[in-house]
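One-letter residues, chain by chain:
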Amino acid sequence: MKGFGVLLRKEIKEQFRTNKVIIVAAVFLIFGLLSPVMTKYLPEIINSMSGTDGIIFEMSDPVSNDAILSYASNIAQFGVLMAVLLAMGAITKEIGSGTAALLLSKPVSRLSFIVAKLTAEWLNMLLGLLLSGLACCIYTLLLFNDVSVMGFVYQMLLMAVYFAFCLVITIFFSSLMKSQIAAGGLAMAVIIIVSLLSILPRVGHFLPGELINWGNQLVLGTAGNVAWGALAVVAGLIVLGVYGAWLSLRRKEL
Amino acid sequence: MSAIRCEYLSKRYGAQVALDGVTIEVPERSIFGFLGPNGSGKTTMIKLLMGMSRPSAGCAWVNGNEVVADAPEMRAQIGYLPDVPNFYDWMRGEEFLRFVGELHHIPFADSVSRSHELLELVGLQKSGKRKIGGYSRGMKQRLGLAQALMNRPKVLFLDEPCSALDPMGRRDVLNIILKLRKSTTVFMSTHILSDVERVCDSLAIINKGKLIATSTVEALRRRFALSSFDLELDSDPAEFIILLEGQSWVQKVEKLEISSAYGLRVQAGDVQAAKQELPQMIAANRLGLVRYEMTMPSLEDIFVQLVEDEVRS
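Note that the protein sequences, when read in sequence, are chains Y and V. Positions 223 to 476 (the numbering used here) are the ones given, in order, by the first sequence. Positions 465 to 777 (the numbering used here) are the ones given, in order, by the second sequence.
FYI, nobody ran anything at the bench for these hints, they're computed from the structure. It is possible that part of the hints are untrue.
[To be verified] Derived pair list, reagent style DSBU-like, types lysine-lysine, alpha-carbon separation capped at 35 Å:
1) LYS604/V x LYS315/Y
2) LYS646/V x LYS400/Y
3) LYS646/V x LYS618/V
[What the hints assert, rightly or not] Here are some chain V residues pointing at chain Y (derived, C-beta under 7 Å):
4) GLY478
5) MET514
6) SER517
7) GLY528
8) ALA533
9) GLU566
10) LEU567
[What the hints assert, rightly or not] Now the in silico label distances, taken between C-beta atoms and shown as ranges:
11) SER401/Y x ASP553/V: 16 to 26 Å
12) VAL576/V x GLY318/Y: 51 to 61 Å
13) LYS595/V x ARG473/Y: 44 to 54 Å
14) SER724/V x GLU475/Y: 49 to 59 Å
15) MET223/Y x ASN529/V: 13 to 23 Å
16) GLY597/V x MET223/Y: 44 to 54 Å
Bear in mind the structure is a predicted one, so any value in this text is a computation, not a measurement. Each residue gets a CB set at the ideal place from its N, CA and C atoms; glycine is no exception.
So here's chain Y without its partners, still in its complex pose:
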């Protein structure tokens, strides 16, 4: 991991200076702010419209957990998209432009190059998650006078692990492919397929998507299945993904 610290500092600086931090934070904040508001007022908006043409909607009164679950659902979907968009050019773009050749002519290892990118992008998403989570918590508290803080924190941590998985998959394809569009497309396809497989009865319990379900159960405080298996599988996949990206980059002609 030679040169990791220096490369990480450079990557973090790049996240700020190319406005990626602002973009991720802004997208996440929108959901952090809107989810509680929409959850609170959607029934009222729908009720105000019902009856005008003879149709009546019956909706139960929303509670704070509904706001948190709505936020989590939005963040999970858009977080995947953000992860893919952030990481799809991480390696292909640098190889294509020649900056990778210049950088890797210095005493730094290719593993440091990959892990520094992954860490900086993950930290960027973590910051977005923290800001939007904080906004969601405050709004939920203001609108519903109640929020399950610990459940919410655990859910965000599990979400952060899930995003790390998405970033690793994308970086792996970015090291493999020549075009960032191809890398992004393949990563998105794999993440969607893995998510779909999560609904399978036995196997699904060990797949990354289960982390989101586990988080939801922690928010609701329901005694669901604890998905340590899925967490272990995701950790293994992250290590494998980094190893695969390193192997692929080692074989690349710079």
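Dock chain V against the given chain Y, drawing on the hints supplied.
Showing chain V alone in chain Y's frame:
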């Protein structure tokens, strides 16, 4: 001791041969020119020596270490300027040099002073605080040279270092390279012969991936020297050319493009015979002689001849 050595280094991309069994040795603290036309394999050679590309066959050693992929320790004493250097547009010139200094574990204070020193050396002292995204191609080339020198490398690989520079920039860069002679081994690829002639101690000539000559510049000149006679005549020498071509000591006669006179280059197989007979023949044919010179061939002449000989063989 050799700073750079490679044996039978080859690189193939499918059926295409980019480099074909190249063996060279570069002595320490010398400037070595790697000369060849575009697409001859110069960049491939540098990438193989840097460990950025894997050879199909053969081995290379730099500073006594065998070149392998992903060996950061080996690169601590190497500097590299790519043919088209690209940087992070969001960084500033000085900031990039300090970043390179950090990668080489140069203490911060030294890194700052070294970056100022190098920016001044390459003529970018006024642009160091500007974002690299706004640099011209020539400025990037200068910054590329500065970053390659940041760690005071023992071996410096320069891939076409003057390709994007104006004449003043070229002169400056060549002067910088000349100053490195006592401390650094420079491996410089180029297709600009005058640059090699000006700064290099020795050179290798490559064409279509094959090494066709390795020598010092002087030895190469001597090998091809004193066999050519340049003549400028005041009348059309068409008949004289036919006469010359019939002589046993003449190897080749070619017309030279000169606007004010008729130019001829006579290449002699037997220099002594040529020295005695050529002036007599000119006089006997009553040709007005404007200029008569035994020429030292330029590196360009040698290069063209070697490449043509290679194509013919």
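How the hints compare with the structure:
1. LYS604/V x LYS315/Y: Holds: LYS604/V and LYS315/Y sit about 19 Å apart, inside 35 Å.
2. LYS646/V x LYS400/Y: Roughly 42 Å between the alpha carbons, so the hint for LYS646/V and LYS400/Y is violated.
3. LYS646/V x LYS618/V: Given that 35 Å is the threshold and the Cα spacing comes to 10 Å, the pair holds.
4. GLY478: 13 Å, violated
5. MET514: 6 Å, holds
6. SER517: 5 Å, holds
7. GLY528: 17 Å, violated
8. ALA533: Holds: closest Cβ of chain Y sits about 6 Å from ALA533/V, inside 7 Å.
9. GLU566: 4 Å, holds
10. LEU567: Holds - the Cβ of LEU567/V comes within 7 Å of chain Y, reaching about 4 Å at its closest.
11. SER401/Y x ASP553/V: 16 to 26 Å: The hint (16 to 26 Å, Cβ to Cβ) holds, given that SER401/Y and ASP553/V are roughly 20 Å apart.
12. VAL576/V x GLY318/Y: 51 to 61 Å: Since the Cβ atoms of VAL576/V and GLY318/Y sit about 32 Å apart, the hinted range of 51 to 61 Å is violated.
13. LYS595/V x ARG473/Y: 44 to 54 Å: 34 Å, violated
14. SER724/V x GLU475/Y: 49 to 59 Å: The hint (49 to 59 Å, Cβ to Cβ) holds, given that SER724/V and GLU475/Y are roughly 52 Å apart.
15. MET223/Y x ASN529/V: 13 to 23 Å: 20 Å, holds
16. GLY597/V x MET223/Y: 44 to 54 Å: Once the Cβ atoms are compared, 30 Å apart, the range 44 to 54 Å for MET223/Y and GLY597/V is violated.
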